[in-house]
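Chains as they are written, first to last, in this note's numbering: chain A, 170 to 573; chain B, 170 to 573.
Hints listed in this document are in silico derivations from the structure and should not be mistaken for laboratory results. Ideal Cβ positions, reconstructed from N, Cα and C, are used throughout, including at glycine. Any given hint could turn out to be false.
Straight-line distance between alpha carbons at most 25 Å, and here's what the computed DMTMM-like set of lysine to aspartate or glutamate pairs gives [claimed, not checked]: (1) B:545 / A:256; (2) B:303 / B:334; (3) A:303 / A:378; (4) A:220 / B:254; (5) A:171 / A:290; (6) A:519 / A:563; (7) A:220 / B:256; (8) A:545 / B:498.
Only some residues are given here: those of chain A computed to face chain B with a beta carbon under 8 Å [to be verified]: (9) 480; (10) 490; (11) 521; (12) 560; (13) 569.
Protein chains: 2
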Amino acid sequence: MKIISGGVCAAKGFRAAGLHCGIRRNKSKKDLALIVSDVPAQTAAVYTTNKVQGAPIAVTRRHLADGTARAVICNSGNANTCNADGEHVAAQMCQLTGNALGLKSGDIAVASTGVIGQPLDVTPIANALPDLVKTLSQQGGEDAAEAIMTTDTTRKEYALEFKLDGKICRMGAIAKGSGMVHPNMATMLIFITTDANIPSPLLQKALREDCEESFHMVSVDGDTSTNDMVLIMANAMAGNAPIAADSEDYRTFCAALRKLTVNLCREIARDGEGASRLLTCNVTGAASLSAARQAAKAVICSSLIKTAIFGADANWGRVLCALGYGLAELDPDRVDVSFSSAAGEIAVCKNGQGLAFSEERAKEILTQDEVTINAKIGGGTHCATAWGCDLSYEYVRINGDYRT
Amino acid sequence: MKIISGGVCAAKGFRAAGLHCGIRRNKSKKDLALIVSDVPAQTAAVYTTNKVQGAPIAVTRRHLADGTARAVICNSGNANTCNADGEHVAAQMCQLTGNALGLKSGDIAVASTGVIGQPLDVTPIANALPDLVKTLSQQGGEDAAEAIMTTDTTRKEYALEFKLDGKICRMGAIAKGSGMVHPNMATMLIFITTDANIPSPLLQKALREDCEESFHMVSVDGDTSTNDMVLIMANAMAGNAPIAADSEDYRTFCAALRKLTVNLCREIARDGEGASRLLTCNVTGAASLSAARQAAKAVICSSLIKTAIFGADANWGRVLCALGYGLAELDPDRVDVSFSSAAGEIAVCKNGQGLAFSEERAKEILTQDEVTINAKIGGGTHCATAWGCDLSYEYVRINGDYRT
């Protein structure tokens, strides 16, 4: 398995484009993205579990009911959520995109991200679609990645190559996610493309299971978005035989998917609103998988831990505290905690009690760009990893006046 | 029912004191408090549900097993949690206090608040106890209130007077709580005294039920402390006949308790770490009481809503979003939202969709010291209130380096 360039266009038969159509006032910020497969693609998706859902989600659900799609249209700057005519606008976006591409409306998936509760005018999208289609290319992944960004400070894309059935396959993605990001629900916007040949029910299974250990384990701020969607299109152009359930090829495909999604999780957490460092929590010794996940998520979601990490303060008591309220059962006397980073590792708590440690050494470890909290929570065999970020002044600034 | 002065010493037969004993480095900050009843008091308590619990909680539980107590000793500056000798130290604090007062160790409740995981040296407490006992007085409530403060910026005390059985009764309290405050568990440290005559099982029932609608509905930062405790002592010195279950007197007692606890909830939320304004959420129209409470808590816990309130930004979409993930069931089309304060009220969302409103008028309403979010979430009859605060730069500063 090797990392390659090309992002969402790395896989055979995918083209993309992104431009500024006018939803955003800032003309230098692209706000409309399009990803197209040259041939029909088996398609799967996981959506937010928020009871308030953006109109695009309802439309995309309908259009993916047959397990196939040809394209994704996505705007930033407006979530098209809580609007009276939201579904009509989302359906129009698909209709217009279909017309411009010579495809049926039902072949198009649609997504929107941005402010909730402001009507989305379809006019700038309609006006821009001819140009957007004209600029579709295999080099368009970067533009598409830029166009779906909101408060993201970095473009997020990734791609890799692997072999199935003797054929070279590729998988690539673009992602956006910085605030309103929380585990246990499909999070953010993630569009994945692959030229592997995999039937949509199996693709759906692979994606759903992967999310449990990837996007559902990321939190920036504990708020679950109304518009989150992870979508994967597989167009079979690599020429491999269809992947069968429980096969070696299926395991290879899932491993590639996990490598890609974990990378995006880390990028999203690292770019969390206002974040100055990526925070990873590794939990081991749990009695069950769900306890391991709960524990890891409680740690990365704690505002007190997040601010301590911002201040590079080795306040391990807050880790014990978060484990204590995050878990239904915990024997504090069996908890060990250490902090680690590129600068090394320091043990701070053993069997629920503090160890003597050098504050200076701890500071050295905690001031790195990536910091990991390691918590052994008992004698069990289950483990889990969650990703988050520190909580900084900048998060408050960004969200204190988001709409203006 | 009328508000009176005197705080935790307003009720007959209670004295208090507070001083600096040396747990904290800052000599101007009191760090040891004592509250004493002249006669044995029926006593009830509600504790944190965190699985990691401070050593004082284990000791206090044992000492209150018989439903009575005479005194509470409490230090700030160190939580005495996750320490090898923690229970021994907490027991010693009771023993020393009992000795100084001429009481049994089992008559003393103990509480600690501050940093987790640093051994608590009992020496400064032992040295200070003679002075502490000597300064006990009916005027000592303020000193005690100061001595239990941590990051609190204001002393929190309250007292009121009411009639039971033709006799004047009084109830007073001191409280501390500013960070690591979250609902659904006993939160903060609250010591309540009353001279009403009420048997401890009924007192326990009244306190437990009250907490559901008071302290369990407050959140500053979503982190549940390891050391939270709400304790009430009733010494019967008002001379009323013992309150009976389901009586008019019981209802009067509960109403007084509610008035006192809600006041403290508001004070704690208003003084949340870094808070610039008190945030109240009133939910109506819920199908069940638990749904109403869940909804109100989801709103006040949302980092995105808290930062929007800090920025006085009428971003009601985030309210819909929080309701959507906070509730198991929600029909967004039946949700109405308004913001209100001393400056008036402004409706921003009707039937799940945005209303046209003046941003200027919204700003006027949202820049007040107290802001209320009103959410009608359906056609049900249940309602609930929760209290929180905005999320500011100051919260990050306070918690970025708490230990040093």
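Task: Contradicted hints - numbers only - done: The structure conflicts with hints 2, 3, 4, 5, 6, 7, 8, although it agrees with all the remaining ones.
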